[in-house]
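*Asks:* These are the residues of each chain, in order.
4 protein chains.
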Amino acid sequence: MQSPCGANSGAENFKNRFIMWKGRFSQDTSSLVQQFGESISYDWRLFPHDIAGSIAHARAQSKAGLLTEKEFSEIENGLRKIEKEIEGGTFEFRTSLEDIHMNIEAELTKRIGAAGAKLHTARSRNDQVATDTRLYCRTEIDGLIGAILGLQKALLDRAEKYAATVIPGYTHLQRGQPVTAGHHFLAYVEMLERDKSRLTDCRKRLNISPLGSGALAGSTINLDRRAMAAELGFDGVTHNSMDAIADRDYMAELLFVISLCGVHLSRLSEDLILWCSAEFAFAALSDAHTTGSSLTCRRKKTLMSVN
Amino acid sequence: MQSPCGANSGAENFKNRFIMWKGRFSQDTSSLVQQFGESISYDWRLFPHDIAGSIAHARAQSKAGLLTEKEFSEIENGLRKIEKEIEGGTFEFRTSLEDIHMNIEAELTKRIGAAGAKLHTARSRNDQVATDTRLYCRTEIDGLIGAILGLQKALLDRAEKYAATVIPGYTHLQRGQPVTAGHHFLAYVEMLERDKSRLTDCRKRLNISPLGSGALAGSTINLDRRAMAAELGFDGVTHNSMDAIADRDYMAELLFVISLCGVHLSRLSEDLILWCSAEFAFAALSDAHTTGSSLTCRRKKTLMSVN
Amino acid sequence: MQSPCGANSGAENFKNRFIMWKGRFSQDTSSLVQQFGESISYDWRLFPHDIAGSIAHARAQSKAGLLTEKEFSEIENGLRKIEKEIEGGTFEFRTSLEDIHMNIEAELTKRIGAAGAKLHTARSRNDQVATDTRLYCRTEIDGLIGAILGLQKALLDRAEKYAATVIPGYTHLQRGQPVTAGHHFLAYVEMLERDKSRLTDCRKRLNISPLGSGALAGSTINLDRRAMAAELGFDGVTHNSMDAIADRDYMAELLFVISLCGVHLSRLSEDLILWCSAEFAFAALSDAHTTGSSLTCRRKKTLMSVN
Amino acid sequence: MQSPCGANSGAENFKNRFIMWKGRFSQDTSSLVQQFGESISYDWRLFPHDIAGSIAHARAQSKAGLLTEKEFSEIENGLRKIEKEIEGGTFEFRTSLEDIHMNIEAELTKRIGAAGAKLHTARSRNDQVATDTRLYCRTEIDGLIGAILGLQKALLDRAEKYAATVIPGYTHLQRGQPVTAGHHFLAYVEMLERDKSRLTDCRKRLNISPLGSGALAGSTINLDRRAMAAELGFDGVTHNSMDAIADRDYMAELLFVISLCGVHLSRLSEDLILWCSAEFAFAALSDAHTTGSSLTCRRKKTLMSVN
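Protein chains in written order, with our numbering: chain A, 15 to 321; chain B, 15 to 321; chain C, 15 to 321; chain D, 15 to 321.
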C-alpha cells in the first residue's frame, strides 16, 4: 500500500522490529548444562523492562528504609548506564550468567559493589520474570495497535478512492452479487477493529503488577506494591502470589490474538494475489512493492492500484 | 468437590450437556454428494436459535408489510410447534434437506403453505448461519460462566475450610516456601476469574446482529435491523455485510478461551492427582467421585478432603 | 470426479462412514460421575475389535488350560451373537457400564454365567484398550489407503484425458511457464503416493500386539502372546509392558498423516475452485456434484470437465 | 545423565547446535520491502548444502558441455573458498541480496566473473530451495538419530544398573503393581526406538533429488539428474516437477516426528521431576546437572542416581 500519512507510524513500527541486535555474547566457558539452561540469547530483549522494574523496586526499598538515598542513586545511575550500553551494543552478555536478570544484576554489583547486591532483598527472580514479560507484552501490544491503525487508515484511503468501483462479490469464488471495492476494503477495517479490541482486552488483563510475589509466596518484607505498580504504568496489583508468579495466560492470549490477526492479513493477501492475477486483473502492485521472479509478466491495465 | 449450593447451577449445566439426542434422522435416499454436503447431523443443535431468528425476521417482515398479521401468526405458531417436536424428539430430520435451516423451513412450508415460503424474502441462508451460530455461542458462554462460577464457589469453600492448613509450595516440584492450602486454592479462583473475563469479552464481541447481511451484500428490501437485533438480545448490528457473513472470529476466540480454561482445569487436576498419591498423601477423594481400578489402594488419613 | 471403476472402492468406503449409528443407549440411572467417566458413547466403534481380541484371548486361555473347550465355545458363540446384535442395532449399551469393554463383558457374563467372568483372567482393561485401538486404527488405515488409491486412479484418468491440454503454470498465482493439465493432475498423484507411504509406515509401527501387558506390568499367568498376535493379524508382539500400555504414538502419527493428506486434498480443492471461477474458467463441475446457491451462474464452455 | 561413552556423540551433537553464529550482516541500505522479503537472516544455515548443490549442478553443466573444464574449476574453487569464509565468520551477507542462494551466487560472480553467472543456466532458485532444504533436513535427521542413540545407551546403562531396584508402577499416579526401575527405563528405550524409526522413514521420503525441476516445469536443457542426485547422496530423483518444487511434506513430517519425540522426553523429564521430589525421593540429580534456586533443599539419600 502507498503510505498515506496516517500509515507511517505503522510502517516505522514495523521497520524498527528489523533492526538487528548488536550485542556481544561471550560463552566460551559455558558447559552443556549452562547452554541448556541459558535464556540470555533470547531474553536480552527484556532489558529495558528489567531495568525499569529494578529502579521501581529500588525506589520502594529506599522508601522502606532498606537503601540509603545514596545507594538508591548509585543503583539508578548504574542501571541507566548499563541500559545505554546495551542499547549501544557495547554491553557484553555472559551465557554463564544465564539470563538478562542475572547479567544486569551481576554487572551492576561488579560496578557499584554492596548497594547492587542489596537489590535482591525482598525480590525474587520469579518476580522479575513475571514483571518483565508483562511489560514486554504490553509494549508489543501498543506497537501492534499502532501498526493496525496505520493499516486501517491505508484501507480507508483505498476504500474512499474506490468507493464507486464495482467488482463481483463471490461465494465459493463464484460471482454472487456485485459490491463496491470500497465495501470490500471496509470489511477488512472491521476485522482489524476486532483485532485491536482483542489486543486492548488482553492488555487490560496483563497490566497488573506481580511485583512483590516473591518466589511464589510473597515476602516477609513489605514494600509498597501499589507505588511500584504505578511507577511502571500498571493499572493495579495481583491478588494471589502463587497465581501471579505462574501466570502465563497473557502470553497465550497475545499469541492467539496475533494469530487471528494473521489470519485476517492472510485473507487480505489472498485477495490481493487473486486480484493481481492475469485472470482477475482487478488490481496491480507497483514495482516498488514486488520483488517478482523473472517469469512474472506484469499487468498493464487494471481497475485498481492497491499500493 | 462437595456441592456447596452455589455450585449446583454449574453441575446442572454440565449434566444437561450429556442428555443424548433423541431426534430421528432419515437419510436412506441421500447420495454421496448429499452425505458429503449435509450438516444436519451436527447443526441440529442450532434449532432454538434458528427458530428465534426466524420469528424475529418474520416480525420485521410483518412490520414492513411483507406479511399479513395472519401470515406472521401462522409462521410463529408453526415454528413454535416444530420447536416443541424437536425438543420432544419426534421431529424427523432429513439429510436430503442438508441443514437445520432447510429442515425447519421446508417442514414449515409443508405445514402452512405459502406463508412459510415467504420467510425467505429479504434473508439468505448465510444470514441464518451467522445469526444462529452467534446465538449458540452466546448461550454456551452463559452456561460456561455459570459453571465456572460454581467451581469458584466450591474452591472458595475449600479455601475457607483449609485456610490454616500449611502445605509446601513448590518450584519445579522441589519444596520452596510453605503456603496455606487456602492460598493454593485461591490461585485457581484467580485463574478462573480471568477465564470468565475472557468469556465476557468474547461475548461482547460476538453479540452483534448480522441479520440483514444477505448472502454477502445485504438486501434491497430494508427490514428494521435494530428491532430484530433487540428481539434476539443482541447489543447492536454489524456494520459491513461482507465481514458479517464471513466472520468466524468469535468461534476461534471462544475455542481459545475454552482451551485456556481447560489448561487451568488440567493444572488443578494434576495438583489433585499429586496430592492424592501415596507419596504426597495431602488429600483424598471420596469414593463417590472415584471409579478407580481394582489395583488402587485408597489412602486412610490425609490432610484434606477435596470433594 | 467421474467414477472410473477403480475409484469405486474408495467411494464405497467413504459412503460407509456415513451410516448412522442405530444402537440404543440407556443412561437414565447414571450419575454425574458416570457421565463424566463414560466412553461408551464414542468407543462403541471398537466393538468388532474388542470381540476379536476377546476370542483370541479366550483361545489362548483355553490352550493354557484356563478354560475348558466347552467354556471357550460358550464364550466365542456368546461374543459372536453380541456382535451380530450390535451390528443390527438391537444391543442395548449402558452408560453405567462405562465403556465398550465392560458393556460386552457384563452382557456376556449375564448370558453365559461363570465362563464369561473367566475372560478377565490374565487380562486387564488396559490390554483391551491398547489392543482394540490398534486394530481400529489399522482398519481405518486400510480403508484410507483404498480410498486414496481410488482418487489416484480418478486423477490418472483425468491426466490421460487432458494429457495434451496446455494451461498456465503459476508462481504466486502469476503465470509462469505453460504446463499440461495432465502434468498438473499427476503432481497430486505424487502427493497422494507419499500419503499412502506414510499410512503404510504408520501401520507397520502400530501393528504389534500389546496383549499380555496387563495393567502395566504384565501378568503372572503366561499366555501364548505370539499365537494371540497371529490370530489378530499383528506382525509381532511388544517388548515392554509399561510402554505398550501407555503408547498412543500411533494415534498421534495417524492423525498427523491424515491431516497432511487433508492439506493435499484442500490444495486440490482450491485448484478446482479457482479453475471453476468465471475468471479462470478452465473447468466445470457437473450439476450432479454441485449443490450451489441460487446466486451461482454456471459456466458454459470450459477447457475441462473435472468430474 | 552421566555420559557413558556411548552417549558422547549425542552430547557433542547437541553442544554443536549451540555454537553461535558469527557471520556479519549488512542491511543499512535495505528498504521495508527488502526487510520483509529477506530470508538470509535465517536461511544462511543452508550454505553448505547450497554450495554442494551448486557444485553438483556445475559438474552436470560441465558434462553437458555448458561449462568448460576451466570454468567448472573456477566455480568449484570459488564456492569452496566462500564456504570456508562463511564457516570462519568472515563472509559478509547482504540483506539486499535476499537469501543465501543470491548471496553466494552474487559473490561468486563478483569474484570469478562470467563463469559464475553461467551457474544459473538450467536451474532456478526454486530448484535450489527444494534441494537445500531437503539436504538440511537430512543432516538434521542424521544428527537427531545419533543423539537419540546416545540417550538410549544412557538409558540402557541406567536400566542395567537398576535392573533389580523395585519401585511402584503407577496408574493415575496411584500405586498399581511393582516394577523394576530397569523395566521403567526400558519403556523409554522403546519410545525412542519408534522415534528413530519415524526419523528413518521421514529421511527415506525426503531423500529424493528435485534438482532439474526448474521454476515448476523443468528445463529445456537436459542435465543428468541421476548423476547430480548421486553426487548429493540422494536415493533417486523426483517424478513430477510441479510436485517437487512445491513439496514441503518432509518439513511437516520432520516437525511432527520431532514434536512426538519431545513428548517422550517431556514424559521422561516429568518422571525425573517426580522421582527427585522430597515426597517420592526415588532419585537425585548430581549438583553438576542442577542449577537450582536458593530455595531448593537437596535430598540426601535416594534409591537412584539418575545422571
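The hints are simulated quantities; they were obtained by calculation from the structure and are not laboratory data.
Any given hint could turn out to be false.
Residues from chain C shown here face chain A by an in silico Cβ test under 10 Å; the list is partial [unchecked claim]:
1. S45
2. E99
3. T123
4. C151
5. T179
6. P182
7. L187
8. R189
9. I287
10. L288
11. A292
Cβ coordinates follow ideal geometry from the N, Cα and C atoms, glycine included.
*Asks:* Could you run down the list of hints and mark each one as holding or not?
*Replies:* Now the hints, each set against the structure:
1. S45: The hint is violated - C/S45 has no Cβ within 10 Å of chain A, the shortest such distance being about 32 Å.
2. E99: Hint violated; C/E99 Cβ to chain A Cβ min 44 Å, cut 10 Å.
3. T123: Given a least distance of 48 Å, the restraint on C/T123 is violated.
4. C151: violated, 30 Å
5. T179: violated, 16 Å
6. P182: Holds. Min distance 8 Å.
7. L187: holds, 5 Å
8. R189: holds, 5 Å
9. I287: holds, 5 Å
10. L288: holds, 7 Å
11. A292: holds, 5 Å
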